[in-house]
Amino acid sequence: MAVAREGVVTGRVVSTLDSSLAIDCRNLRKVFRDFWLRPRVVAVDGVDLSVASGEVFGLLGPNGSGKSTTIKMLLGLLFPSGGEVRVLGHPPGDPRSQSRLGYLPEESCFYPYLSGRETLDFYGRLFGLSPSVRAERVSALLAMVGLEGAADRPLREYSKGMQRRIGLAQALINDPELLILDEPTSGLDPIGTRQVKDLIGKLRDNGKSVLVSSHLLADMEEICDRVAILYGGRIQEVGSVSKILVRDDRLEWLTSGATTKTLRLAREAVVEAGIEVEEVAPARRRLEDRFLEIVEEARDSGTENSGVTGGGKLASFLTKEGDGGPAEGRSDGGDSSESAEGSS
Amino acid sequence: MTGPVEFLLFLLGASLLSGVALHLSDRLLRSVGAIGAVARVLLAEGMRRGAIPIALLILFAGLLALPDLLSENRIVEYRVQSLLQYGQAWISVVLMTLTVLLGCGSLSEEIAARRLDVTLTKPVGRGRYLLGKWLGLVLIDGVLLAVAISLLLVLIPRCAGEDHLDAIPAADRVVEPLLPAVTDEQVADFLERGRVTDPDRWDSLSADEAKQRARGALSRSARSIQPGSERSYRFEVPPRLPEGSVLALRPYLGRSTHRSIGAVLEILSGDQIHGAIVGNAELTEIPLPAGPVEQPLEITIAFKGAVEEGVDLPAILWAGRDSIRLRIPDDSLAANIARSSLMLWLRLAFTAALSTVAVTVLGFPVATLSLFIFLVTASTGSLLVIDGSTEVAHAHSHGQEVPRSFGKEVLEALALIGEWVVVALSDWERHDASSTVSTGILVPGSDVLRCLGVIGLLWTGLSLFAGRWLLRRRELGGASP
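Top line first, the protein sequences correspond to chains A and B. When we follow our numbering, the leftmost residue of the first sequence carries the number 1, and every step to the right adds one. When we follow our numbering, the leftmost residue of the second sequence carries the number 1, and every step to the right adds one.
If you are wondering where the hints come from, they were derived from the structure by calculation, not from laboratory data. Every value quoted in this text rests on a predicted model; they were computed, and no experiment measured them.
Simulated restraints on C-beta separations:
| id | chain 1 | residue 1 | chain 2 | residue 2 | range |
| --- | --- | --- | --- | --- | --- |
| 1 | A | SER240 | B | GLY461 | 52 to 58 angstroms |
| 2 | B | GLY461 | A | LYS202 | 46 to 52 angstroms |
| 3 | B | ILE417 | A | PRO62 | 50 to 56 angstroms |
| 4 | B | GLY461 | A | SER132 | 34 to 40 angstroms |
| 5 | A | PHE35 | B | PHE465 | 23 to 29 angstroms |
| 6 | A | ASP205 | B | HIS23 | 43 to 49 angstroms |
| 7 | A | ALA218 | B | GLY461 | 51 to 57 angstroms |
| 8 | A | ASP249 | B | GLY363 | 56 to 62 angstroms |
| 9 | A | THR319 | B | ARG450 | 57 to 63 angstroms |
| 10 | A | PRO62 | B | VAL376 | 47 to 53 angstroms |
| 11 | A | LYS313 | B | VAL376 | 56 to 62 angstroms |
Here's a subset of chain B near chain A, in silico, CB distances under 10 angstroms, partners left out:
| id | residue |
| --- | --- |
| 12 | VAL41 |
| 13 | ARG49 |
| 14 | VAL118 |
Where is the CB? At the ideal position from N, CA and C, for every residue including glycine.
From just these sequences and the hints, can you work out the full model?
See the structure below:
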């Protein structure tokens, strides 16, 4: 697809983009205009981006760097001012790509008067899933995000973290090939954050592509295969995480069971070789790991907790060995039976 | 008329019935795919946020209070007529308000809270999404309308009282007399005489206006009866007159004649003669015998003079549209009110479409205000006339040449647009059949079909198409960094 002028798609132009990529965009540009159509802000300025199948790609950048604008253009919510975009081989907003796409917005913006189960059922209907497939997936996803116990409570009673979890569940209802997650761990407790990170890894292992935008650099470092750092609407650096973060002038050793004597000998040898030793210190656990241990112990001892209970296990339909993809679950005809509660 | 316990029981019953009907509608929507899913969410929003329950209570409480409010009126016919008229008006006002508030409120909140962003990343399409919202509103309106009309039908016999059930109007077909057409020669003769006898009046009029007035005067004269004379009127009626057929007369006995002055008439229908005393501008109904009649039915009316001696009545004129006509029972009140309600439902469907479209571009406060202004204007027909347009129209009607200029061209175009709006809005008012139903006159099926074509298909279709076009061009997701 080529964008000849703002908001108008000219499909006849031969595209140079690679349709086999999950996301491919070249020279993507977005200019926000004022009431008199005078350029006000250049939010995205010539972004080239490609996300391969089975890749977890991170979009990093400070506020106003153009991350969310880029994502909204990929979703077809904003119209590019210039450049070319393909999402799953189709222009943004094309139903063919939308049916294979999952999206978690930055803010939890769901219907507060619907229950968790009804919310998932509603989005399942928008994908045309048959009642039986919908029922199965809704239950599996509720279990996956640990909201089985709160499934029939209205969303307005959910905490922010619970709403993020239901948001994640709705993004997966169609077993998407591409998942776009905007700040997926925002508002989640460490358990939820860990589960989401693990989930993203499992989804990648099952061949899904994931585009993640986040401010939490430690999380991104852990889960992304490649990242792009945006500033001023432009990509400042892009590449694999290991390549970007490696420092050729520094070396870290991690040892276990070394005695004081061994350490002293090692240090003397290094210093003799003319290499400066900056610090030798005992290794520390991460606070996240300790937190998770404590919660796990409390759970094992039978301590009760309202809201989120367990979860974290990938729903079976999202795995390669699962029960069919979106095409398999689609229903062309009407619904004869109903899985979720009535709306009224 | 109703005690507090009865009032509460009726209120509870109607509310329960509505709840059940809405639940069934919800089940029905489950088979309509993505569009049905969007409609169901709107239904859930209306129910769980209280808009529908509150509207229900206001609607039913208002209807139930009406018989008591009208109980002061001692004439049963008028009391029933008022209940029908006010009841339908109340239903219309409450449902229009609910439609505008729910339609505008739901969509504007989805845009503001960015719920629409998530929904539109699913393969539902902006047009289908809008259609879903519209379908939800139309279903809610349909259910509430059906229950409210049923309640009104239950209240009517209670309002009339057991002894006066015959005061409840049915649905009469109205038959106007066949009159010979006024020829151009007759009009020319009339004008020629008028310009001699009353030159000030006739010379001040434009040619077209003078002809129109002359034609009206001749038509009235062709129907009028001088004292001591008689005139025959012919009506095209069914081969057999049903029970309850009447000749309805509302004579005009002269400008200065007091209402208390009566005129004596003798009416010959077939081989039957009726005597009748009619008042000036008063409605008098003369029953006609049921049974087979000749085609066309000929009725002769003889004007015998005033009731009081010494009073001089110049003539009986049949001035208004309802001055002389037959009313033949054709259908039941329930069927008539059902046709009228169908027309109201179609107007509600258009209002629903307009609400969703308006809020796409205007935002909640401006869209709501604009829609209420539209509804009030269309219902009352009180439109401001553009001064320039009247000037142009006036000049044209006098056959004068209007000097051409760009300003005049623009003014004329504005006048044409204004005329189109007036015609369109008069269509809206024309499809309000509540007063027709309350006076017991049949709402013909052709009117319902016309309403379906103009408002249900054309206006609503165009609105939804415009809404889809606008929403597809609207950027979402906050639209600015």
